[in-house]
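J.: Next come the chains, spelled out residue by residue.
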Amino acid sequence: MTPSPAPQNTVVEAPSGELIDEESLVEEVSIDGMCGVY
Amino acid sequence: MPSVTLDSVVAVHPRVSIRPEPFGALLYHFSTRQLSFLKDRMLLEVVRACDGTRTLGEALGTTGVPAAQTARYLRAVETLVASRMLESASAGTAPRRTAPDSATISTEAVA
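Line order of the protein sequences matches chains A and B.
Throughout the first sequence, residue numbering follows the numbering used here, covering 1 to 38 in sequence.
Throughout the second sequence, residue numbering follows the numbering used here, covering 1 to 111 in sequence.
No lab work stands behind these hints: they were computed from the structure.
Careful: at least some of the hints might be erroneous.
[Claimed, not checked] Pairwise CB distance ranges (calculated): (1) A82(B) <-> E23(A): 14 to 20 Å; (2) D32(A) <-> A67(B): 37 to 43 Å; (3) P20(B) <-> E22(A): 20 to 26 Å; (4) P14(B) <-> D32(A): 33 to 39 Å; (5) S30(A) <-> S88(B): 31 to 37 Å; (6) I31(A) <-> A68(B): 30 to 36 Å; (7) V29(A) <-> A71(B): 21 to 27 Å; (8) P20(B) <-> S16(A): 31 to 37 Å; (9) G17(A) <-> R19(B): 38 to 44 Å; (10) P66(B) <-> D32(A): 24 to 30 Å; (11) L6(B) <-> E23(A): 21 to 27 Å; (12) I31(A) <-> R48(B): 21 to 27 Å; (13) E22(A) <-> E58(B): 20 to 26 Å.
Beta carbons: idealized from backbone N, C-alpha and C, even for Gly.
In isolation and in its complexed conformation, chain B is listed as follows (with noise of 0.2 Å):
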């Protein structure tokens, strides 16, 4: 049975920040050492959307993903949440403060 589903809720970890790249984004966890690959920016658009405010049904219509890419971005979603880049949150709590931007990944790497 998958975690997610789309009447989850999940919100972007406090510990990470989200790079744009060019062929989608690059996600750091700041606890882990983990990255993530981002292979497609409608994903990062569904991260960003992800606020733990709205489920992911809501996330995915927002951003446009396909109704025939539903499973696929649900099954991206999961890879995230099972990474801890994403976390579950309880609808309607307000969106948290994440991770500074891409700039304090270098000064947070070499310190």
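Next up, chain A with everything else stripped away, as it sits in the complex (with noise of 0.2 Å):
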């Protein structure tokens, strides 16, 4: 089974300048170190 990904949020300024916090769209993992591990 694939793992999902971990909500990362970002915070990101508006047009308006209202700060919004913005879940990021990519994630990323580095699997160094993983061999073997399914």
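From the two separate chains plus the hints, produce the assembled complex.
T.: Below is the structure:
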């Protein structure tokens, strides 16, 4: 079963100047050191 | 200054394999051994549209990304360029063959 990504949010500033807590669309993981782990 | 703009032309790195998932997609880079989770199916379509022949603006338009979400998707593409899942390409370049499909991932991972 493929692991699902954990939520990772970023705070961005809207054109109005309002700060928005926005979930990132991409999350990155390195599999170095995970050989043999499934 | 962002490294990618709506005028940028990018393509999936030839050593990257894409596997669609219910939450979006998994990208695996066979050279860097990095995984990227795309947490949105529309972003997967954007990545697929990035074939080195059209600009990012065209790719976003083709896949129906709402204008209000453009900056968010540009940030996502920028992240993928920074991790070498996507790479800059010259406009008009013929699409290159990408890595084999997901069935190959486990084969190479075991070898």
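J.: Each hint should be assessed against the structure and marked as holding or not.
T.: Going through the hints against the structure:
{"no.": "1", "hint": "A82(B) <-> E23(A): 14 to 20 Å", "result": "holds (18 Å)"}
{"no.": "2", "hint": "D32(A) <-> A67(B): 37 to 43 Å", "result": "holds (39 Å)"}
{"no.": "3", "hint": "P20(B) <-> E22(A): 20 to 26 Å", "result": "holds (23 Å)"}
{"no.": "4", "hint": "P14(B) <-> D32(A): 33 to 39 Å", "result": "violated (21 Å)"}
{"no.": "5", "hint": "S30(A) <-> S88(B): 31 to 37 Å", "result": "violated (23 Å)"}
{"no.": "6", "hint": "I31(A) <-> A68(B): 30 to 36 Å", "result": "holds (35 Å)"}
{"no.": "7", "hint": "V29(A) <-> A71(B): 21 to 27 Å", "result": "holds (24 Å)"}
{"no.": "8", "hint": "P20(B) <-> S16(A): 31 to 37 Å", "result": "holds (35 Å)"}
{"no.": "9", "hint": "G17(A) <-> R19(B): 38 to 44 Å", "result": "holds (40 Å)"}
{"no.": "10", "hint": "P66(B) <-> D32(A): 24 to 30 Å", "result": "violated (37 Å)"}
{"no.": "11", "hint": "L6(B) <-> E23(A): 21 to 27 Å", "result": "holds (22 Å)"}
{"no.": "12", "hint": "I31(A) <-> R48(B): 21 to 27 Å", "result": "holds (23 Å)"}
{"no.": "13", "hint": "E22(A) <-> E58(B): 20 to 26 Å", "result": "holds (24 Å)"}
Hint compliance for this structure: hints 4, 5, 10 are broken, all remaining hints hold.
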